[in-house]
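**Student:** For reference, the chains in residue letters:
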Amino acid sequence: MNGDQIFNSINNIQIIIKNHKEEIEKLDQEIGDGDHIFNILRGLDEILNLKEELLDKPVNHIFKQLGMKIMTTVGGSSGALFATLLIGMSKKYSSDLSDLNNLSEMFFEGVQSMKKRGKADVGEKTMLDVLIPVSNNLIELQNETDFEKVANNINNVAKDGMLSTKDIIATKGRASFLGERAKGHIDPGARSSQLAIEAICNQFINK
Amino acid sequence: MNGDQIFNSINNIQIIIKNHKEEIEKLDQEIGDGDHIFNILRGLDEILNLKEELLDKPVNHIFKQLGMKIMTTVGGSSGALFATLLIGMSKKYSSDLSDLNNLSEMFFEGVQSMKKRGKADVGEKTMLDVLIPVSNNLIELQNETDFEKVANNINNVAKDGMLSTKDIIATKGRASFLGERAKGHIDPGARSSQLAIEAICNQFINK
Amino acid sequence: MKKFVNEVENILTESLTGFGKAHSDIIDVRLSPDFVFRKNKSQNDKVALISGGGSGHEPLHGGFVGYGMLDAACPGQVFSAPTPDQMEAAANEVHKNKGILFIVKNYSGDIMNFEMGADMIEHENQTIIVNDDVAVEDSTFTTGRRGVAGTMIVEKTVGSLAETGALLEDCKIFGDHVNKMTASMGVAFTSCTVPAAGKPTFELSNDEMEFGVGIHGEPGRRREKIKSANQLTDEILETILEDLKPDNNQEVLLHVNGFGGTPLMELYLLFECGQKLLEKKNIKVSRSLVGNYTTSLEMAGGSFTVTKLDADIAKHWDSAVHTPALRWKM
Amino acid sequence: MKKFVNEVENILTESLTGFGKAHSDIIDVRLSPDFVFRKNKSQNDKVALISGGGSGHEPLHGGFVGYGMLDAACPGQVFSAPTPDQMEAAANEVHKNKGILFIVKNYSGDIMNFEMGADMIEHENQTIIVNDDVAVEDSTFTTGRRGVAGTMIVEKTVGSLAETGALLEDCKIFGDHVNKMTASMGVAFTSCTVPAAGKPTFELSNDEMEFGVGIHGEPGRRREKIKSANQLTDEILETILEDLKPDNNQEVLLHVNGFGGTPLMELYLLFECGQKLLEKKNIKVSRSLVGNYTTSLEMAGGSFTVTKLDADIAKHWDSAVHTPALRWKM
Ligand SMILES: Nc1ncnc2c1ncn2[C@@H]1O[C@H](COP(=O)(O)OP(=O)(O)O)[C@@H](O)[C@H]1O
Ligand SMILES: Nc1ncnc2c1ncn2[C@@H]1O[C@H](COP(=O)(O)OP(=O)(O)O)[C@@H](O)[C@H]1O
Ligand SMILES: [Mg+2]
Ligand SMILES: [Mg+2]
Ligand SMILES: [Mg+2]
Ligand SMILES: [Mg+2]
Chain A
1 MNGDQIFNSI
11 NNIQIIIKNH
21 KEEIEKLDQE
31 IGDGDHIFNI
41 LRGLDEILNL
51 KEELLDKPVN
61 HIFKQLGMKI
71 MTTVGGSSGA
81 LFATLLIGMS
91 KKYSSDLSDL
101 NNLSEMFFEG
111 VQSMKKRGKA
121 DVGEKTMLDV
131 LIPVSNNLIE
141 LQNETDFEKV
151 ANNINNVAKD
161 GMLSTKDIIA
171 TKGRASFLGE
181 RAKGHIDPGA
191 RSSQLAIEAI
201 CNQFINK
Chain B
1 MNGDQIFNSI
11 NNIQIIIKNH
21 KEEIEKLDQE
31 IGDGDHIFNI
41 LRGLDEILNL
51 KEELLDKPVN
61 HIFKQLGMKI
71 MTTVGGSSGA
81 LFATLLIGMS
91 KKYSSDLSDL
101 NNLSEMFFEG
111 VQSMKKRGKA
121 DVGEKTMLDV
131 LIPVSNNLIE
141 LQNETDFEKV
151 ANNINNVAKD
161 GMLSTKDIIA
171 TKGRASFLGE
181 RAKGHIDPGA
191 RSSQLAIEAI
201 CNQFINK
Chain C
1 MKKFVNEVEN
11 ILTESLTGFG
21 KAHSDIIDVR
31 LSPDFVFRKN
41 KSQNDKVALI
51 SGGGSGHEPL
61 HGGFVGYGML
71 DAACPGQVFS
81 APTPDQMEAA
91 ANEVHKNKGI
101 LFIVKNYSGD
111 IMNFEMGADM
121 IEHENQTIIV
131 NDDVAVEDST
141 FTTGRRGVAG
151 TMIVEKTVGS
161 LAETGALLED
171 CKIFGDHVNK
181 MTASMGVAFT
191 SCTVPAAGKP
201 TFELSNDEME
211 FGVGIHGEPG
221 RRREKIKSAN
231 QLTDEILETI
241 LEDLKPDNNQ
251 EVLLHVNGFG
261 GTPLMELYLL
271 FECGQKLLEK
281 KNIKVSRSLV
291 GNYTTSLEMA
301 GGSFTVTKLD
311 ADIAKHWDSA
321 VHTPALRWKM
Chain D
1 MKKFVNEVEN
11 ILTESLTGFG
21 KAHSDIIDVR
31 LSPDFVFRKN
41 KSQNDKVALI
51 SGGGSGHEPL
61 HGGFVGYGML
71 DAACPGQVFS
81 APTPDQMEAA
91 ANEVHKNKGI
101 LFIVKNYSGD
111 IMNFEMGADM
121 IEHENQTIIV
131 NDDVAVEDST
141 FTTGRRGVAG
151 TMIVEKTVGS
161 LAETGALLED
171 CKIFGDHVNK
181 MTASMGVAFT
191 SCTVPAAGKP
201 TFELSNDEME
211 FGVGIHGEPG
221 RRREKIKSAN
231 QLTDEILETI
241 LEDLKPDNNQ
251 EVLLHVNGFG
261 GTPLMELYLL
271 FECGQKLLEK
281 KNIKVSRSLV
291 GNYTTSLEMA
301 GGSFTVTKLD
311 ADIAKHWDSA
321 VHTPALRWKM
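Protein chains in written order, with our numbering: chain A, 1 to 207; chain B, 1 to 207; chain C, 1 to 330; chain D, 1 to 330.
Fair warning: there could be bad hints in the mix.
[Stated by the list, open to error] Only pairs whose alpha carbons sit at most 27 Å apart, straight line, appear in this in silico BS3-like list of lysine-lysine:
no., chain 1, residue 1, chain 2, residue 2
1, C, LYS329, D, LYS329
2, C, LYS329, D, LYS39
3, C, LYS225, D, LYS3
4, C, LYS227, D, LYS39
5, A, LYS26, D, LYS2
6, B, LYS166, C, LYS199
To be clear, the hints were calculated from the coordinates, so they are not data collected in a lab.
One chain only, chain A, in its complex shape (with noise of 0.2 Å):
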């Protein structure tokens, strides 16, 4: 892992998002309050800003700067929960294990302090629907030297969570205020992290 590869992905996630722009801007107008996708996008650009002052840095320390850059400049609940877990992510790297080895037990650090910050779990409508499944699945995973059969693995566990959104009355963020009445409707921030997902898995899968 390194700092071309990081902001490689960040890349691919922002291009992701600005191509379903209009989706999750609406599924947070439906439910909440419309501001996930500006949060999102803002907090894109500003961590691609550090581009060239971190690129060379160590890993733990680009992830650190990443999360500290959302915190300051993002706010809402994503920019709280996303630098949590860039934060988290930035305290488990070890120069010692491999990637996919890396990633996992980052990746599960890191969901374990957004579980904290936001108090909740699964089952609740939230981006943890996506993240926990997935950071579980990516422990699975992570002696699997297949990349491609990791990356589709993931890439399903994340839609599934996702949708699985759609049909839970929410018990955390805004759509909880709506009790039965947000039934029906997928969480922006499920969307958006599934995405990022997405993204990054694609950039295994050979299509």
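Use these hints to put chains B, C and D with the ligands onto chain A, whose structure you have.
**Tutor:** Same frame as chain A, but now just chains B, C and D with the ligands:
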């Protein structure tokens, strides 16, 4: 002239104004503030409520009371002006004169008061472009015995006056704030005044 | 039409009654004829200030009744001048043996009805006609300019002078002076909806604005494509400054007034644009007021008002005031 | 989208700068990280009150910084919670050796960001979570109710207590108490338009309203046909009273809050409806506040807030306050 005839005329005026509600509303929205039709309708409602109380009263008393009612319930330019007209008219009634003579004298006096109140004259894109020519014409015709002829005459003078406001650049009233932009629009007060006159004239025209 | 309303005919009465109750510590409301007046009359004799006009511009004028400003206000129907009996009743209620000063915005309807009201009272009285709107060309042949957001600045400053026990004559002279030192101009993005009409007074397409609009949604100088806040500020303040011809280093009061439907966030942004432009021209904004003070129901848009300050105007602007909508130092 | 704006990205910075200039006598604005704070710090040590939240609710919170209310406010992007570094910077600027009290509306984003901010500072601190919106059912499993227009009542009363030199502990207890005594609910007639989005957040047809709407235009209890002001008042106040369970002859503060796009005339009419209904139920409205205090950009609509008064709350409501948006007795 008696109370019955007066209230009958007011009734007819109300009918014709209601039939042109949308048109008058639009005229004041275009070059004014849109309240003219509501001022007029409120005034007509209020004075028709006085019917029972005033029916048998002397003509000058009736006009005075109608004027007072309009003065205290209508507001806006048209409230002040029509109140001034009626109160002015009330001062000139004489039981020695014929109806047409009375009407001519009373109306002339009323319009003179309006000119003073509004500090306005013909050619300023106001209701006076209808009322001044009408009052002059009435004076000329005050000894005519063919009422239908008088009515037809007056009717035409009122219409010409009303139409003339279309191409005047206003110097009085709200439309004056518009300068060139008011050109091409008929003055709302001129239209409502002309319609009122038409309603009365129609009583004497055998159609 | 979507409004908080029961029967449209009762909107004014119910609203005025609520207004009276919400501010029962300082004002009272009398109905039929309608007027708002100060509850705790000043101990000392003073010139009584009475203003009024069509409703729909709230907090103007009822919101400015109280210590240091108006003694009474006469609200007409929405956008229709009040009737003379309202002025008569208000005058009889609040006069204090030093005469009555009417403050009237320059519209035919207001002028005529206030004149008729003045004819009906026995107290000595004078009238200040406010005509601060530079959107409309002034000319000796026409009705002249409209009275808009500058009116409350006249009411505040003359109200303060009247509180000192000044003579009617002096209040009138000072009010005319403040009016001459004041100029305003505004722009609308959307129409307002008069309750009785139930639909918008005018239509603007999605990229149009009415430049130089009146506070009743009357047309202004021109209808044109919307522009950036900086461009609008430039055009409006240029026109205002042409009229006011301020000296170098002139101190001014800069008032950004919202027409009702524009968020505070934008009004403060507009203030920032205005302040920066005036600074560049060596004009010192030493007093400021930002908010919805002279509204046009729910119309989106706003206006700039600039008042050139001298020591007297500044002093009377700064002095204590206690009304429903403007309150400081007490 | 028709707004007073230059570049959409700069709307907050320009607006905050203008806000700082317009009220430079009492507050100051720091940018990057953004916060508003009192200019003339109190002489005495006091608990420092810091609030904040997404922008678009002006005058909340920046408009309530000043004597008797907040020490600082942290504005986020429009409808997005502020970032922790804003809270850290504000805390470091305004702390006065008696600890920091954060006042936070109950939204995930605000709570998380304020928590992170609190983690970053060394000063002793506590947090009051305001959750007065009874439109949304409360439950131990969910995030619970939203914080809405009642927040400024908490800020006013706790602000007053803090000014007396009270301990952090006592301010926290009192704030929680005021929050518990307060309940709100609102209705929207139109949507707001987030500047970055450039189009309305939701669509309501000509005869529809969103009953129990949130202050970000989030959906409420239900979407339904518009009703008369009296009917709306009945439904809203019933829900509020069910929650507050006032005693017979209970004294209350009745706050009618406009969401930004509704004329004052209608808000006072709503106040009249509310006051009459409460009177019928033997509840005494002894304090009132009517106006646009907790807005949702240009959204048309409004809310009722009722606070049950005891001697303490009444005293701290009445006490002197001097902020850009609320000022009395000084
Ligand atoms: N307590 C929480 N735990 C986990 N995720 C949350 C929580 N609250 C909100 N979220 C996520 O954040 C998303 C909304 O993010 P965003 O719109 O940026 O912030 P906000 O809700 O503050 O407006 C939701 O769709 C949901 O996925
Ligand atoms: N000074 C004036 N002299 C004569 N007529 C006037 C004058 N000012 C206004 N008007 C008439 O009044 C009409 C408008 O009446 P209305 O809409 O009821 O009052 P307002 O203009 O005060 O809103 C105008 O169309 C015009 O005919
Ligand atoms: Mg959101
Ligand atoms: Mg009119
Ligand atoms: Mg009018
Ligand atoms: Mg948000």
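**Student:** Between LYS166 (chain B) and LYS199 (chain C), does the CA-CA distance stay at or below 27 Å?
**Tutor:** holds, 25 Å
**Student:** When you check the alpha-carbon spacing of LYS227 (chain C) and LYS39 (chain D), does it fall within 27 Å?
**Tutor:** Answer violated: LYS227 (chain C) to LYS39 (chain D) is near 35 Å, above 27 Å.
**Student:** Given the hint that LYS329 (chain C) pairs with LYS39 (chain D), does the C-alpha gap stay at or below 27 Å?
**Tutor:** holds, 18 Å
**Student:** Would you mind confirming whether the straight-line C-alpha gap from LYS329 (chain C) to LYS329 (chain D) stays at or under 27 Å?
**Tutor:** Answer holds: LYS329 (chain C) to LYS329 (chain D) is near 7 Å, not above 27 Å.
**Student:** What's the verdict on LYS225 (chain C) and LYS3 (chain D), does the C-alpha distance respect the 27 Å limit or exceed it?
**Tutor:** At roughly 12 Å apart (the allowed maximum being 27 Å), LYS3 (chain D) and LYS225 (chain C) satisfy the hint.
**Student:** Holds or violated: LYS26 (chain A) with LYS2 (chain D), Cα cutoff 27 Å?
**Tutor:** Cα-Cα ~21 Å, so holds.
This entry does not satisfy hint 4, going by the numbered hints stated previously; all others are met.
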